[in-house]
Amino acid sequence: MKIWHRYIGIILPILAVAALALWPTITGKAANRESAFTILKAVALASSLNILLGYTGYVSFGHIVFYGFGGYVGLFLLTEYDWPLWYAILAGGLASGILAFLLGSAILRLRGAYFALATIGINEAMKAFVNNFDLFGGPTGITLNFSVYRTYGGAAQALQLSFYIVAGLAMLAILLSHVVRTSKFGLGLLAIRENEDAAEVMGVFAPNAKTWAYVLSAIIPGMIGVLFFFKNGNVEPHDAFPLHASIELLVMVMLGGQGTVLGPILGAFAYQGMRGFLVTSDFFGDIQLSVSGVLLLLIVLFIPAGAIGWLRQRIPTLRRVFA
Amino acid sequence: MTILLSLQGVSKRFGGLQALSNVTFDLPQGQILGLIGPNGAGKTTLFNAINGVYPPESGRIIFHDRDVTRFKPYQLAKMGMARTHQIVRPLNELSVRENVMVGACFGHESQNLSNAAKIADDVLEFVGLAARADQLAGSLNVAQKKRLEMARALAAHPYLLLLDEVLAGLNHSEIDSMIQTVLKIREQGITIIMIEHLMKAVMSVSDRIVVLDYGLQIAEGSPETIGNDPKVIEAYLGDPRLAERLLEEEE
Chain X
1 MKIWHRYIGI ILPILAVAAL ALWPTITGKA ANRESAFTIL KAVALASSLN
51 ILLGYTGYVS FGHIVFYGFG GYVGLFLLTE YDWPLWYAIL AGGLASGILA
101 FLLGSAILRL RGAYFALATI GINEAMKAFV NNFDLFGGPT GITLNFSVYR
151 TYGGAAQALQ LSFYIVAGLA MLAILLSHVV RTSKFGLGLL AIRENEDAAE
201 VMGVFAPNAK TWAYVLSAII PGMIGVLFFF KNGNVEPHDA FPLHASIELL
251 VMVMLGGQGT VLGPILGAFA YQGMRGFLVT SDFFGDIQLS VSGVLLLLIV
301 LFIPAGAIGW LRQRIPTLRR VFA
Chain E
1001 MTILLSLQGV SKRFGGLQAL SNVTFDLPQG QILGLIGPNG AGKTTLFNAI
1051 NGVYPPESGR IIFHDRDVTR FKPYQLAKMG MARTHQIVRP LNELSVRENV
1101 MVGACFGHES QNLSNAAKIA DDVLEFVGLA ARADQLAGSL NVAQKKRLEM
1151 ARALAAHPYL LLLDEVLAGL NHSEIDSMIQ TVLKIREQGI TIIMIEHLMK
1201 AVMSVSDRIV VLDYGLQIAE GSPETIGNDP KVIEAYLGDP RLAERLLEEE
1251 E
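Sequence order for the protein chains is X and E. Using my numbering, the final residue of the first sequence is 323, and nothing's skipped along the way. Using my numbering, the final residue of the second sequence is 1251, and nothing's skipped along the way.
Treat the hints as calculated values from the structure; they're not laboratory data. It is possible that part of the hints are untrue.
[Claimed, not checked] From the derived model, a few chain X residues whose C-beta atoms are all more than 12 Å from chain E:
no.	residue
1	146
2	187
3	198
[To be verified] Cut-off 30 Å, straight-line C-alpha distance, at most; resulting in silico cross-link-like pairs (DSS-like, lysine-lysine):
no.	chain 1	residue 1	chain 2	residue 2
4	E	1118	X	184
5	E	1231	X	184
6	E	1118	E	1072
7	E	1200	X	184
8	E	1078	E	1184
9	E	1072	E	1231
10	E	1184	E	1200
11	X	231	X	127
12	E	1231	E	1200
Cβ atoms here follow ideal geometry from the backbone N, Cα and C, with glycine treated the same way.
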């Protein structure tokens, strides 16, 4: 096999993210930077969820819990211990990874619908817990002191810095997704997705593999959480653990094509584009979430493999390109 | 002769059904053991017990001189045990080659991806699926899926291979070529237990045969002795002299 064949599956995703990261600088508009931030954040979250949903075949309805939890841990360290942003981001990722490890060991024994239900429960339980946890500010959450931004050259500079970091994290997420997809570990995950019993008989250590897939899918959301709430200035329970955001992530992954590197990226672009249009329109503004619900229904009914999966089925030579 | 696998009083119960009772035999390295019995006799359950899918309630299973009674399937795979399923379990959305690579990557040799791809191509050539390597496994027909099951198991380069009805559902020429394949596998030094309904086939390839009926091991021996054992004939055909006796009673 030629060298470029092995990498073609990752070139397109990298180009897409790079183009988006450069878009605000080229056009020079601050509003574009905000839109690009939202899309890059969605790319990072959806690509992470794809490791669990697309590769391993486990549906998580509460994946946003890692984003919220990481965000809380990061903001706590930023305010209480004056940690630098970098360390806070790493700590948020690590905390979410550990949370996923503990949860995964407990609930990944469940399969199918039971696992999906447990993930909803976890998100709601975490929200209720944080609501009553004084260290994290209870229902009022944690608010950053404005002086924190001074370290990074003022609020405007901090916003710019956040944008570069989110672009970096999105890049990291797709690289991770690609490395997992093309590794032996990833082959084991795909085998679990297709038939967990058969995979175990062939020697795939399913309990461990699933737990690590869960951990890998949780780390970057944790880091994104810290970054987002740093930029936001404060974190509250209902912002940190919104169930509908988990569902939106599912829509993105399934729209673009689960189990492919490019799919969630495409899905994040398409969904955020559509959402931007709907939220600003007079008619759809209030029912924007119902539109995503209907969209999810249509995808599951008519193109369960998503856009990329659909293309792959029609044109077999694309299988290698859209690995 | 070294004993590769040894079953000592293996019993398994599902609710009120005694699926296996006190199954005991030794399997020397390099032999083919035929496992036969009427439908529901517990043959696949015995495979599941050996393979760690349903651990037995009592008895011991010794593999490679280790007590593996409570081992999980993936631990046994790492020790060099591989199996095929009676009801095929292809990884549908993966290519045929990727299916076989899973066997090589996670079997007892724990190959890396590039070695696994080479092994997969060799094994697919061996079972006659080389032309289909890039197809999705879900698109194969039943006979091809049975060969794929076999290829996945062989790619692990196992010491012990459990074949669960690899001939069922195949036509005459497919059966002949599958039997040749099984004999070639044995030539490579792999020990085999095969469950089979086709008497002629199992009698011709097995070194030894174990017969199960309602979970009981009713006979064990060479194909010749089994073929003439009245208990075996009764299990399969009913009491051979039942008709005579009924006639006598009527008179």
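Cross-check of the supplied hints:
no., hint, result
1, 146, "holds (51 Å)"
2, 187, "violated (6 Å)"
3, 198, "violated (4 Å)"
4, E:1118 <-> X:184, "holds (14 Å)"
5, E:1231 <-> X:184, "violated (50 Å)"
6, E:1118 <-> E:1072, "holds (28 Å)"
7, E:1200 <-> X:184, "violated (42 Å)"
8, E:1078 <-> E:1184, "holds (23 Å)"
9, E:1072 <-> E:1231, "violated (35 Å)"
10, E:1184 <-> E:1200, "holds (18 Å)"
11, X:231 <-> X:127, "holds (21 Å)"
12, E:1231 <-> E:1200, "holds (18 Å)"
Hints 2, 3, 5, 7, 9 from the list above are not met by this structure, while the remaining hints are.
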